[in-house]
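Peer 1: Sequence:
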Amino acid sequence: MDIPGLIGKVEDYKKIRNNTNIYRKAWDAKIKPMLHEKLGEIIKETGLEAIVVEKTEMDNLEAVVLDLGQEESGISQRVTDSLNKSLIRYNGMLVYQQLFNGKIIIMIVPPFIEGLGQPKPPYNLEILRPEELKSPFLFRHIEKLLKEVTEWEDFDDDLPEKKAIGFQTGFKNNAVIREGIVGS
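Each residue of the sequence shown is one higher than the one before, starting from 768 at the first, in our numbering.
The set of hints was computed from the structure by calculation and includes no laboratory data.
Beta carbons are placed, not taken as given, at the ideal position from N, Cα and C, and that holds for glycine.
Every clue listed holds true.
Pair by pair, the computed Cβ-Cβ distance ranges are:
hint : residue 1 : residue 2 : range
1    : Gly814    : Lys776    : 47 to 57 Å
2    : Leu815    : Arg845    : 31 to 41 Å
3    : Ser849    : Pro903    : 53 to 63 Å
Produce the entire structure from the sequences given, and follow the hints as far as they go.
Peer 2: What follows is the structure in structure tokens.
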């Protein structure tokens, strides 16, 4: 039996568990205030149309979000001859969220229009310990968000990589279009 080796593993486990408490305290004391302050400054300085919101539904799984907002997309679904339903456009988000272990995951939620195909799922930029998240990183994260939303907005078939950005739909399941094809 390798008791000294097992004791070392137990000590490592205790240290990692203790880090969770340290990271959670750092989130409340340093990270949240820094995110609110720096993201607010970036919005103000750049004229970016966004708001900073805090998601607090779950203790120790909170998030600070740079939200580009939502609006009418300009697209509407014909429900009847005299009734149209406007589709909502979600412009994208940059999310800083606590993980179960107190580390911080940084994610991008790509833009999408509700009801038009499947939205691309959020994707992770990185996972950092609180002491690793420095305010200059926010610029890099926002640049990646802006690249994502700009590519989505400017989508066409001239993209060299033929990325699947946007709605990923051919309107195959749209009853109004099917009726138009059948009735013609």
